[in-house]
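Student: Sequence:
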Amino acid sequence: MDRTCAGIAEGGARCRQAPMRGEEFCFWHHPDYKEEAAQARKVGGQRRRRERAIEGAYELEGLDSVAGIRRYLEIAMADALNLENSVQRVRAVIAGVMAATKLLEVGEHEDRIAAIEAALGPRVVKSERRR
Numbered sequence: 359m360d361r362t363c364a365g366i367a368e369g370g371a372r373c374r375q376a377p378m379r380g381e382e383f384c385f386w387h388h389p390d391y392k393e394e395a396a397q398a399r400k401v402g403g404q405r406r407r408r409e410r411a412i413e414g415a416y417e418l419e420g421l422d423s424v425a426g427i428r429r430y431l432e433i434a435m436a437d438a439l440n441l442e443n444s445v446q447r448v449r450a451v452i453a454g455v456m457a458a459t460k461l462l463e464v465g466e467h468e469d470r471i472a473a474i475e476a477a478l479g480p481r482v483v484k485s486e487r488r489r
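Going by this note's numbering, the sequence shown wraps up at 489, each residue one higher than the last.
One or more hints might be untrue.
[As the list claims (entries may be wrong)] Cross-link-like lysine to any residue pairs, in silico, SDA-like; alpha carbons within 25 Å at most: (1) K392 x A364; (2) K392 x R372; (3) K460 x E475; (4) K400 x P389; (5) K460 x R447; (6) K400 x A376; (7) K400 x W386; (8) K392 x A376; (9) K400 x E368; (10) K400 x P377; (11) K392 x G402; (12) K460 x L439; (13) K460 x E419; (14) K460 x A450; (15) K392 x G369; (16) K460 x A438; (17) K392 x R361; (18) K460 x V445; (19) K400 x M378; (20) K460 x A425; (21) K400 x R372; (22) K400 x H387; (23) K400 x D390; (24) K392 x A371; (25) K460 x R429; (26) K392 x A367; (27) K460 x N440; (28) K460 x G426; (29) K460 x A473; (30) K460 x L441; (31) K392 x R406; (32) K400 x G365; (33) K392 x R407; (34) K392 x E368; (35) K400 x C373.
[Unchecked claim] Just the calculated beta-carbon pair ranges, DEER-fashion: (36) A458 x R407: 25 to 35 Å; (37) L421 x E475: 15 to 25 Å; (38) L478 x D422: 24 to 34 Å; (39) A371 x Q404: 25 to 35 Å.
Please keep in mind that the hints were generated in silico from the structure rather than gathered at the bench.
For glycine and all other residues, C-beta sits at the position ideal for the given N, C-alpha and C.
Using the sequences provided together with the hints, build the complete structure.
Tutor: The following block contains the structure:
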């Protein structure tokens, strides 16, 4: 049987976290770690706010599409090009170019598959997962 924390979550239900080794409470509910847990919550909140601000400033969509990945790559390449001229900069630019080449190939394959599926129409059974 799995042990769970003896603490009570905000909603009034039992905490479902595993307790710390040899203790009955998890990190978040252990009285000895109250200050550390509060600091961790604060840092986590600051990080989430910073992530949302960055997403808005850079118009980031996520990594679940070719367009989203392309945007991240554009930002990384711009940052790399702004570095001082060095071997590391050249390596970063080459890595970015290689990633962009692969991204173009994937995008082209997606377009071709979409065109084939459109041409075949209802004769093709679409599946969630391709092999």
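Student: Output the numbers, in ascending order, of every earlier hint that fails for this structure.
Tutor: none
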